[in-house]
Amino acid sequence: GENVEQHPSTLSVQEGDSAVIKCTYSDSASNYFPWYKQELGKRPQLIIDIRSNVGEKKDQRIAVTLNKTAKHFSLHITETQPEDSAVYFCAASSNNAGNMLTFGGGTRLMVKP
Amino acid sequence: NAGVTQTPKFQVLKTGQSMTLQCAQDMNHNSMYWYRQDPGMGLRLIYYSASEGTTDKGEVPNGYNVSRLNKREFSLRLESAAPSQTSVYFCASTPIGTGELFFGEGSRLTVL
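Protein chains in written order, with our numbering: chain Y, 1365 to 1477; chain G, 2 to 113.
Some hints here could point you the wrong way.
What the hints assert, rightly or not - Pairs of lysine to aspartate or glutamate, DMTMM-like flavour, derived with a Cα cap of 25 Å:
no. : chain 1 : residue 1 : chain 2 : residue 2
1   : G       : Lys58     : Y       : Glu1369
2   : Y       : Lys1401   : G       : Glu53
3   : Y       : Lys1432   : Y       : Asp1413
4   : Y       : Lys1406   : G       : Asp39
5   : G       : Lys58     : Y       : Glu1366
6   : Y       : Lys1401   : G       : Glu106
7   : Y       : Lys1406   : G       : Glu60
8   : Y       : Lys1401   : G       : Asp39
9   : Y       : Lys1386   : G       : Glu101
10  : G       : Lys15     : G       : Asp39
11  : Y       : Lys1401   : Y       : Glu1420
12  : Y       : Lys1401   : G       : Asp27
13  : Y       : Lys1401   : G       : Glu101
14  : Y       : Lys1386   : G       : Asp39
15  : Y       : Lys1422   : Y       : Glu1443
16  : Y       : Lys1406   : G       : Glu101
17  : G       : Lys10     : G       : Glu74
18  : Y       : Lys1422   : G       : Glu101
19  : Y       : Lys1406   : G       : Glu106
20  : Y       : Lys1435   : G       : Glu53
21  : Y       : Lys1432   : Y       : Glu1366
22  : Y       : Lys1386   : G       : Glu60
23  : Y       : Lys1422   : G       : Asp39
24  : G       : Lys58     : Y       : Asp1391
25  : Y       : Lys1421   : G       : Glu60
26  : G       : Lys10     : Y       : Glu1403
27  : Y       : Lys1421   : G       : Glu74
28  : Y       : Lys1435   : G       : Glu60
29  : Y       : Lys1432   : G       : Glu101
Honestly, the hints are just simulated from the structure, not real lab data.
Could you put together the complete structure from these sequences and hints?
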C-alpha cells in the first residue's frame, strides 16, 4: 500500500519568514495530494490540494509543488503569521474520491512573533 | 447545517469494556470514514464506507467494527477495548468527486 513520509516533524520559524514542509510517497499511481491544517484541539481542515496533472498550485500565501518523477510534494507558506501555528498533514491517494487517503505523520509548525 | 457530528467527545473505559462511537453528517455525502490519530503517526484509516450499505477495512481495522446505519450515520464499535486503542478518533465524510474530507470534532478515548 501507499506510504507517506513527512519532514520535518517540528518546525520553528520567525514571523514573516517562509516555512517549507516536504512529503514523499511510494505509490506511483497516487494522483491526489491534499494538505490539512489542524489547530490545537481542533479538527483537521483542508487548506490546499493538488492533482497529478498539475505541478504547482498557489492560494495567497500558500503554495504546493509536486514532482511526480521523484514522488515528492511540498507545502510552502510565505510571510508566516502566528495564526499559521498548527500541525500540518500531507496525504496521498490513488483515486480522486479520497477513500484511501494515506497521511504523513504531521509537522508541528510554530511561528514566533 | 451542523456538518459532521460525533459523540461522545470524551470517554474513559476499562480494558475489556465495549462502546460505540456515533457519527452523523447532514451534508448528503456518500462516503464516510473513521480515523484514529496518535502522536507522530498522523491519521490512520480504520474503516470506511464508500456508500450506504457498504463498508471496507482501512489500514488498522483490528479490534473494531462499523455499521453504516443509513446515508447519514456511521458508527464505530469497540467490542473489547484495549489500552492500545487509547487515541483520538475522527469521523469524516466526503462528497462525490472532490476528495475533500470533512472531519468531526473528534472523540478522545482513554482505555485504562
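Results for each hint:
With a C-alpha separation of about 22 Å, the suggested pairing of Lys58 of chain G with Glu1369 of chain Y holds against the 25 Å cut-off. With a CA separation close to 29 Å, the supplied pair Lys1401 of chain Y and Glu53 of chain G exceeds the 25 Å bound. Between Lys1432 of chain Y and Asp1413 of chain Y the CA atoms are separated by roughly 15 Å; this keeps the pair inside 25 Å, and the hint holds. Restraint check for Lys1406 of chain Y and Asp39 of chain G: satisfied, since their Cα atoms lie roughly 14 Å apart, inside the 25 Å limit.
A hinted pair counts as satisfied when its Cα atoms are at most 25 Å apart, and Lys58 of chain G with Glu1366 of chain Y qualifies at roughly 15 Å. In summary, the hint linking Lys1401 of chain Y to Glu106 of chain G is supported, as the alpha carbons are separated by about 14 Å, within the 25 Å threshold. A distance of roughly 23 Å separates the Cα atoms of Lys1406 of chain Y and Glu60 of chain G; the hinted pair therefore holds under the 25 Å criterion. Only pairs whose Cα atoms come within 25 Å are accepted, and Lys1401 of chain Y paired with Asp39 of chain G is accepted, the gap being roughly 16 Å.
As the CA atoms of Lys1386 of chain Y and Glu101 of chain G are separated by approximately 20 Å, the hinted pair is consistent with the 25 Å bound. The hinted pair formed by Lys15 of chain G and Asp39 of chain G meets the criterion: a straight-line CA distance of about 19 Å does not exceed 25 Å. Of the supplied pair hints, the one linking Lys1401 of chain Y and Glu1420 of chain Y holds, its CA atoms being roughly 19 Å apart against a limit of 25 Å. Distance restraint check for Lys1401 of chain Y and Asp27 of chain G: the Cα-Cα separation of roughly 23 Å lies within the 25 Å cut-off, and the hinted pair is therefore satisfied.
Taken as a hint, the Lys1401 of chain Y and Glu101 of chain G pair is honoured in the structure, with Cα atoms around 13 Å apart against an allowance of 25 Å. Using a Cα cut-off of 25 Å, the hinted pair Lys1386 of chain Y and Asp39 of chain G holds, with the two alpha carbons roughly 20 Å apart. A distance of roughly 14 Å separates the Cα atoms of Lys1422 of chain Y and Glu1443 of chain Y; the hinted pair therefore holds under the 25 Å criterion. Simply put, Lys1406 of chain Y and Glu101 of chain G have alpha-carbon atoms about 17 Å apart, close enough for the 25 Å limit, and the pair holds.
Restraint check for Lys10 of chain G and Glu74 of chain G: the C-alpha separation of about 16 Å stays at or below 25 Å, so the hint holds. Taking the CA atoms of Lys1422 of chain Y and Glu101 of chain G, the gap is near 17 Å; set against the 25 Å cutoff, the hint holds. The hinted pair formed by Lys1406 of chain Y and Glu106 of chain G meets the criterion: a straight-line CA distance of about 6 Å does not exceed 25 Å. At roughly 34 Å between alpha-carbon atoms, Lys1435 of chain Y and Glu53 of chain G are farther apart than 25 Å, so this suggested pair is violated.
For a cut-off of 25 Å, the pair hint linking Lys1432 of chain Y to Glu1366 of chain Y stands: about 15 Å separates their Cα positions. With a C-alpha separation of about 23 Å, the suggested pairing of Lys1386 of chain Y with Glu60 of chain G holds against the 25 Å cut-off. Only pairs whose Cα atoms come within 25 Å are accepted, and Lys1422 of chain Y paired with Asp39 of chain G is rejected, the gap being roughly 30 Å. Note on Lys58 of chain G and Asp1391 of chain Y: the hinted pairing holds, with a Cα-Cα distance of about 19 Å set against a maximum of 25 Å.
Proposed proximity of Lys1421 of chain Y and Glu60 of chain G is contradicted: the alpha carbons are some 29 Å apart, above 25 Å. Restraint check for Lys10 of chain G and Glu1403 of chain Y: satisfied, since their Cα atoms lie roughly 17 Å apart, inside the 25 Å limit. Proximity of Lys1421 of chain Y to Glu74 of chain G is assessed by CA-CA distance (about 35 Å); at most 25 Å being required, the pair is judged violated. The suggested pairing of Lys1435 of chain Y with Glu60 of chain G holds, with an alpha-carbon distance near 21 Å, which does not exceed 25 Å.
Proximity of Lys1432 of chain Y to Glu101 of chain G is assessed by CA-CA distance (about 21 Å); at most 25 Å being required, the pair is judged to hold.
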